[in-house]
Amino acid sequence: MNAPLACKPADYKSEIKPIWCPGCGDYHVLMSFTRAFAQLGLPPEQIAVISGIGCSSRIPAYTNCYGFHGVHGRSLALAAGLKVTRPDLTVVVASGDGDGYSIGGNHFLHACRRNIDMTYVVMDNHIYGMTKGQPSPTTEPEFDTALSPGGTGVRPFHPLVVALASGANFIARCFSGEVNETADVLAEAIRHPGFSFVEILSPCVTFRPDEKNWKDQVHPASVGATADQGKAARRLMTDDGFNIGILYRGGRTPYRPAVAATNIDLSELEKDFEL
Amino acid sequence: MTMAASPSISIAVVGSGGSGALTTGNSLLETACAAGWHGLLTRTLGPQIRGGEAAALIRLAAHPVECLPDQFDLLIGIDWLNAHRFGAEIKVGPQSLVISDPRGGEPPPMVAQSGARVVEIPMKDMAKSIPDGRPNMIALGIASRLLGFTAELVFAPIEKKLADKGPAAIEASRAAINVGFGAAATVEFDRHLAEPRPSTARRWLLSGNEAVALGAIRGGVRFAAAYPITPATEILEWLAPNLVKVGGVLLQAEDELAAINMIIGSSFGGTPSITATSGPGLSLMIEALGLATASEIPIVVVDVMRGGPSTGIPTKSEQTDLNIAIYGMHGDAPHLVLAPQSVSDCLFTTQWATYLAESLQAPAIVLSDQFMGQARVAIERPADVAFIGQRCTATEITGDYKRYAMTADGVSPMSIPGKRGGQYTADGLTHSERGLPTSGATDHLAQLDKRRDKLDGFNFGDHWASVEGTGEFAILTWGSLTSAAREAIERAAVDGIDVRLVAPRLLLPTLPEQLTAALKGVKRILVIEQTHGGQFHKYLRAHYDLPGSVRALNRPGPLPITAGEIHRAIADWRS
Ligand SMILES: Cc1ncc(C[n+]2csc(CCOP(=O)(O)OP(=O)(O)O)c2C)c(N)n1
Ligand code: SF4
Ligand SMILES: [Mg+2]
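Protein chains in written order, with the numbering used here: chain P, 365 to 639; chain V, 84 to 658.
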């Protein structure tokens with residue numbers, strides 16, 4: 365019934381005009397999403413894009429897939445409930461550095477550990493964009509904001525280290541400006557079984573104009589992807605935060621709860637109680 | 084002197100943790116129920132995981148019972164080490180018999196003050212004379228003899244329980260029970276249970292928490308997300324193996340924020356879904372309950388209430404989550420709040436809640452409480468009812484799909500992922516009919532109206548409340564107190580006072596017309612609730628017109644409000 369559609373990236377785009385600022389990196393991420401979906405030839409109705417709150421989290425409605433724009437920080441949990449009951453769907457979770465690493469930080473750890481087959485994309489701009497420029501867990505300690513005059517003085521969080529330590533099964537970093545490369549990584553992340561984590565450096569041109577330079581700062585990682593956690597960990601030790609590419613492809617079996625036949629008579633369950 | 088048979092007899096078995104008081108109590112309950120009597124057992128526990136105080140409070144009767152007695156006929160202290168901590172919850176009187184082990188410490192002062200007859204039996208020493216003998220089995224023998232059960236009757240459930248521990252363990256228990264029987268032979272206890280009414284009904288012995296879980300599955304629930312919390316955990320633990328048998332799934336969440344978002348996700352995917360928690364967990368779930376309301380995703384959240392606020396008294400009952408259940412969410416957020424009225428009603432109400440949530444595409448909060456949740460009661464097998472979740476889904480989609488389309492009843496056909504042409508983004512942002520975010524006044528008002536009207540316009544039928552009797556005197560109560568109120572009303576009837584019972588099972592949406600009709604002709608209303616602040620009373624005042632004069636009887640946990648107390652309040656007001 366669900367014969368593949370024409371599978372052009374445009375088929376995965378909705379007609380809604382994004383609220384993003386001109387030049388925002390998230391436009392490119394949206395392009396990478398639709399290109400990846402087209403590459404995989406997935407029918408849009410078989411994809412669910414789940415998000416929280418933030419500029420980045422606006423992305424579901426800009427696709428032509430099923431979407432859920434939930435509450436701040438809880439997208440991974442919502443996606444887990446969806447995927448275990450609907451394993452037939454392709455579930456992609458979209459988040460930001462505030463949504464995913466701060467308010468949703470605990471869910472990040474447990475999603476990596478649980479290893480349900482889904483892809484988690486964090487559009488990291490090292491700032492809270494939507495609330496107009498407060499520091500996030502990945503903001504540099506010296507970065508001055510109204511909420512942190514003179515900088516936070518707090519060491520940034522390293523998402524890839526956390527993902528690796530917590531058991532994510534696929535880990536990569538991309539740069540939003542590299543649309544095709546990012547699309548390729550996303551397609552591979554979606555295909556890879558288990559929990560795939562893709563951090564996309566996506567500049568906030570409004571509150572972090574300095575991030576316009578990211579295109580010059582990013583560089584391919586000097587070491588290729590590995591299936592060895594130890595090697596991946598060593599690569600992360602020399603990571604300047606701008607290493608681009610796939611870091612880790614793990615082989616853990618995804619978590620998929622056993623589901624029994626559905627036709628048992630409910631009175632079977634009552635036996636526990638019979639006097 | 085031979086006494087008339089008592090319609091019910093109540094027994095409390097107390098001991099410090101590890102003494103096995105709960106095993107003694109459960110065995111007594113199982114023995115009596117297997118022999119055709121009815122019974123209820125609740126437990127009261129201290130905060131310790133092991134080694135604290137524990138008491139089994141049992142009421143056995145010839146007829147169904149769903150509430151605690153005013154006082155206990157028989158109190159057995161396997162030991163009294165920490166019994167003073169909940170002495171106030173176990174009332175005895177001059178007619179009561181107290182069995183005390185002289186080596187188990189002093190009975191709490193309330194025993195001496197009550198004038199109860201105390202008989203000393205050295206249960207510990209007796210147990211020592213039996214290889215692997217345990218004082219709680221001696222206590223079981225004593226209680227059984229006093230209640231007139233035969234030893235064979237008592238052995239059966241114990242043998243079942245110890246089947247995997249081997250013949251030596253069973254033999255030790257048998258021997259101890261026999262010793263207890265012997266020790267009680269000379270003890271006078273002038274009460275015996277009336278013969279049970281003969282009945283051919285299939286009977287169950289289960290807790291309110293188990294009944295909630297079965298009701299959910301009967302209502303169509305096939306996914307649960309779980310984060311453990313006392314006193315709700317048994318719901319989740321029963322669902323874990325049983326959901327799998329019916330093709331469902333349970334996922335353990337990292338916290339309640341995750342649990343509720345998980346069930347929103349699964350329900351978005353088309354699976355009726357539930358989670359269960361208690362006050363602290365409900366507090367964490369509130370934001371997402373608002374999301375389910377706004378995005379019109381059906382979910383069921385069971386809150387087994389315990390003493391609050393904060394961590395409160397995890398092991399004891401209260402009705403103090405009414406406010407948060409009704410008013411907790413920010414914004415105008417119409418949703419469903421229901422409350423079962425007894426252990427057996429836990430099944431019906433949860434099933435109905437699932438049906439309503441699915442039919443109305445709204446979250447339903449089910450307010451149970453520790454008393455019902457953890458009480459084990461013998462009930463007649465509840466009839467199968469036709470409430471099985473039926474969600475209005477989008478089957479024919481032509482043109483632009485409008486997820487939040489205006490319809491006559493306010494319920495919009497929901498497209499389930501996988502359905503071609505029905506793609507939409509569910510959103511907690513204020514949205515248009517198509518689901519697109521908007522901040523315009525017109526769309527906001529239209530969707531607020533829609534979500535309110537779909538609940539207000541629904542025909543909830545007769546299940547919205549228990550309305551019994553026609554007196555000019557009415558009791559207005561809710562939740563597990565309904566059973567105590569019903570018993571008080573029976574006693575008042577014996578005094579010649581006709582009292583009406585009105586207990587809403589549906590707390591939100593409110594049904595002012597139905598309540599007005601239920602209270603027609605009433606001149607006095609006694610509002611009864613287990614809260615300190617009178618939450619139910621204030622709720623009634625805010626949403627309903629109460630005729631005549633109104634009095635309140637409210638008290639926080641952990642002391643239960645008994646039928647006797649309610650009966651007294653009725654009599655006092657009458658005179
Ligand atoms: C519970 C809650 N707290 C706070 C907010 C306000 N809020 C909205 S978005 C956001 C931060 C978003 O930052 P990020 O995830 O990095 O997304 P970006 O806008 O940068 O893409 C905050 C704090 C909220 N919506 N909900
Ligand atoms: S504020 Fe920053 S992140 Fe948000 S849309 Fe504008 S540029 Fe993008
Ligand atoms: Mg950000």
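These are computed hints drawn from the structure, not numbers from a lab.
Heads up, some of the hints might be wrong.
Okay, the calculated bits of chain V under chain P, using three or more residues with CB under 8 Å as the criterion [to be verified]: (1) 303 to 309; (2) 323 to 335; (3) 502 to 516.
Here are the simulated EDC-like pairs of lysine to aspartate or glutamate, each with C-alpha atoms no more than 16 Å apart in a straight line [said to hold, decoys possible]: (4) K243/V / D636/P; (5) K328/V / E379/P; (6) K485/V / E379/P; (7) K372/P / D548/P; (8) K328/V / D629/P; (9) K243/V / D548/P; (10) K328/V / E632/P; (11) K211/V / E254/V.
Glycine is no exception: its CB is placed at the ideal position from the N, C-alpha and C atoms.
**Distance restraint between K485/V and E379/P, which requires alpha-carbon spacing of 16 Å or less** = Between K485/V and E379/P the Cα gap is close to 15 Å, so the pair holds against 16 Å.
**Asked** Checking C-beta pairs, does the segment 502 to 516 of chain V have three or more residues closer than 8 Å to chain P?
**Response** holds (count 11)
**Item:** Holds or violated: K328/V to E379/P, with C-alpha atoms at most 16 Å apart
**Value:** 44 Å, violated
**16 Å Cα cutoff - pair K328/V, D629/P** = Holds, at roughly 10 Å.
**Prompt:** Given the hint that K211/V pairs with E254/V, does the C-alpha gap stay at or below 16 Å?
**Reply:** At roughly 15 Å apart (the allowed maximum being 16 Å), E254/V and K211/V satisfy the hint.
**Message:** Holds or violated: K328/V and E632/P, Cα atoms, limit 16 Å.
**Reply:** 9 Å, holds
**Message:** Would the hint linking K243/V and D548/P be met if the CA-CA limit is 16 Å?
**Reply:** 61 Å, violated
**Prompt:** Are there three or more residues in the segment 323 to 335 of chain V whose C-beta lies within less than 8 Å of some C-beta in chain P?
**Reply:** holds (count 9)
**Message:** Can you confirm whether the C-alpha distance between K372/P and D548/P stays at or below 16 Å?
**Reply:** OK: K372/P and D548/P at ~15 Å, within 16 Å.
**Message:** Hint check: K243/V vs D636/P, CA-CA at most 16 Å. Holds or violated?
**Reply:** 13 Å, holds
**Asked** For the segment 303 to 309 of chain V, do at least 3 residues have a Cβ located nearer than 8 Å to some Cβ of chain P?
**Response** holds (count 3)
Checked against the numbered hints above, the structure breaks hints 5 and 9 and satisfies the rest.
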